[in-house]
Amino acid sequence: MYVAVKGGEQAILNSWRLLAEQRRGDAGIPEITLTQIREQLGLAVDRVMAEGSLYDPELAALAIKQAQGDMVEAVFLLRAYRTTLPRLAASLPIDTSAMSLQRRISATFKDVPGGQVLGATYDYTQRLLDFELSNGAPVAPAPAAANALPAAADIATLMNAEGLLAEESPPADDAEPPDLTRDPLTYPAGRALQLQNLARGDEGFLLALGYATQRGYGHTHPFAGEIRQGAVIVEVVPEELGFAIEIGEITVSECQMINQFAGSATEPPQFTRGYGLAFGASERKAMAMALVDRSLRAGELGEAVTSPSQMQEFVLSHSDNVEASGFVQHLKLPHYVDFQSELELLRKLRARHFAGAGTDGAAT
Amino acid sequence: MNENSRAGGYNFAYLDEHTKRMIRRAILKAIAIPGYQVPFGSREMPLPYGWGTGGIQVTAAVIGPADVLKVIDQGSDDTTNAVNIRRFFVRTTGVRVTGRASDATIIQTRHRIPETPLREGQIIVYQVPIPEMLRWLEPREAETRKMHALSEYGAMHVKLYEDIARYGHIATTYDYPVIVNEHYLMRPSPIPKFDNPKLHMNPALQLFGAGREKRIYAVPPYTAVRSLDFEDHPFEIQRWQHACELCGAADSFLDEVIIDNEGARMFVCSDSDYCTQRRDAHRRAVA
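For the record, the sequence lines run as chains A and B.
Letter by letter, the first sequence follows residues 1 to 364 in the working numbering.
Letter by letter, the second sequence follows residues 1 to 287 in the working numbering.
Just so you know, the hints here were simulated from the structure itself, not pulled from any lab data.
All values derive from a computational prediction rather than experimental measurement.
All residues carry an ideal CB built from backbone N, CA and C; glycine is no exception.
Each hint should be verified, as a subset may be incorrect.
In silico DMTMM-like cross-links for lysine to aspartate or glutamate, where the CA-CA straight-line distance does not exceed 25 angstroms [what the hints assert, rightly or not]: (1) B:146 <-> A:183; (2) B:159 <-> A:342; (3) B:159 <-> A:183.
Pairwise CB distance ranges, derived in the manner of DEER restraints [said to hold, decoys possible]: (4) B:172 <-> A:19: 35 to 41 angstroms; (5) B:100 <-> A:13: 21 to 27 angstroms; (6) B:9 <-> A:347: 38 to 44 angstroms; (7) B:237 <-> A:170: 55 to 61 angstroms.
Chain B regions said to be covered by chain A (calculated; three or more residues, Cβ under 8 angstroms) [to be verified]: (8) 74-81; (9) 148-160; (10) 167-178; (11) 251-265.
Start from the sequences and build out the full structure, keeping to the hints where you can.
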């Protein structure tokens, strides 16, 4: 006999306890600490900070631990916490040309002022599983010189001098940029809003879209003009002081993608830019973001809009993994009522079909 | 996720007062322009998008300590998502909760309107997944906003007409399009069309919240809500050949339940409160 579904509350409580137990794993194995996550899973921490839009390695580590390493879940946890934080001040724009560089490469010039700096990268590691690592082998200290690099002018500025690269100046009114996290996204969105959206967008989504542009879906002829990674100073101007004070330092990855542009009726042929910026060492994300940013400028530059990565609404409305994950997974929720309605309709349609009834509306 | 961490450090109803005021302003605007989708600065909530964050924000913005809250999903107070949302408000507000529609001052719902008629002073908050009625016809927001501004709803009529031409009747069974106050085309959220007549001239305030899509809209009390139809194909609601096998109701929306491995079915009220009350009344009458 049918028993009405009850006991949801108890089931939820039990589920929490099961989850806590599963998260902890074998109690005979030492529990992982936040410091270990922060120090040894740093790139995971960086991704969670970037997509969680909150620079706090400690909290990101906590989110990763709480989510058992599920990155999208960790991003969600960090975002839900972030919403509750008061806005004390807005920082001044960070100056990435004054970055204390950990890594800086250009694929467009063999040498550049300030030099090419490989830094720490997986690029040339040959991807052989390192069985030594499984036993926790001691690590030899890295050469020290890599720590004190001079600030280097960015390559875009150097190219600008010759007029080869389209000027990127603030809009005439230079209005306060909108805040995506406070105001709803409306279309068409300006570039500032677009970049905010991409900066917190899902790395996988942007990677796939950026990749698609390389394969011909909205091709932009990109060159990695410059990729830099390092620490920048964050400053605010407290109202009562009236001058900037330094409140801390954050690590960011920046990518200036340089793209061919044939020119238009009003613009001479020149290079144009796509821009990527992400918290932490998130180079793949910054590059993908730069590709998509440039691709989305198709309308503004008078290029034909034919591919999803050129369509602002398509990209910006679907880039957020917290939104996407929630809505995809909401299909787990009960849909008895809608489904019942569809069942009833389908039976009606099938009855008509098998009765050989005409499909002419006038017949009913 | 500790059971005992009773919302320490969070404001009443989770959201800070500035955010609540922003949402209340959007609600007021929505009430002033019935059926119009007001963009609002939807916040990231500690529940997933698509699971009722819009409804939760609306409820959080209007709820006070004296309110009595009912939360239903698919008509039932006991489905896990309804339980979870109710727990959220109990944790963050401490308000009284109820299963009885008539006792509640605020009812948050997903996919149903209670069978018990609502009354003046009550607020019903709908969780909305996709607020834009024209979305399947025109995916671009910039376009659909224009269509609303011009009341350009021909595409929707054509869609319904095509249903009739193909199937002999309109083949939309839930989320059935309505015109509010003879102006805006509105998506009633995925309630079955069975519930559409309850939207019309309802004495309660009806608020709709879409968190992920960042929109709020409203139907003020006693507002005309018309389900789209044609003179020769008038709007009709679903009817069952069965009555509820638990309470005998012949006027309620029924869920079909599979009760054994042979696939035997039974039909029961989707509104668990309505069903329970009818059974209790019957038991009292017999006793």
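Hints versus structure:
1. B:146 <-> A:183: It holds: about 20 angstroms lies between the C-alpha atoms, which stays within 25 angstroms.
2. B:159 <-> A:342: At roughly 17 angstroms apart (the allowed maximum being 25 angstroms), residue 342 of chain A and residue 159 of chain B satisfy the hint.
3. B:159 <-> A:183: Judged against 25 angstroms, a Cα distance of about 34 angstroms means the pair is violated.
4. B:172 <-> A:19: 35 to 41 angstroms: holds (39 angstroms)
5. B:100 <-> A:13: 21 to 27 angstroms: For residue 100 of chain B and residue 13 of chain A the Cβ distance comes to about 24 angstroms; the hint holds.
6. B:9 <-> A:347: 38 to 44 angstroms: violated (53 angstroms)
7. B:237 <-> A:170: 55 to 61 angstroms: Check passed, 57 angstroms falls within 55 to 61 angstroms.
8. 74-81: holds (count 7)
9. 148-160: violated (count 0)
10. 167-178: holds (count 7)
11. 251-265: holds (count 6)
Figure legend: structure checked against the earlier numbered hints; hints not met, in rising order: 3, 6 and 9.
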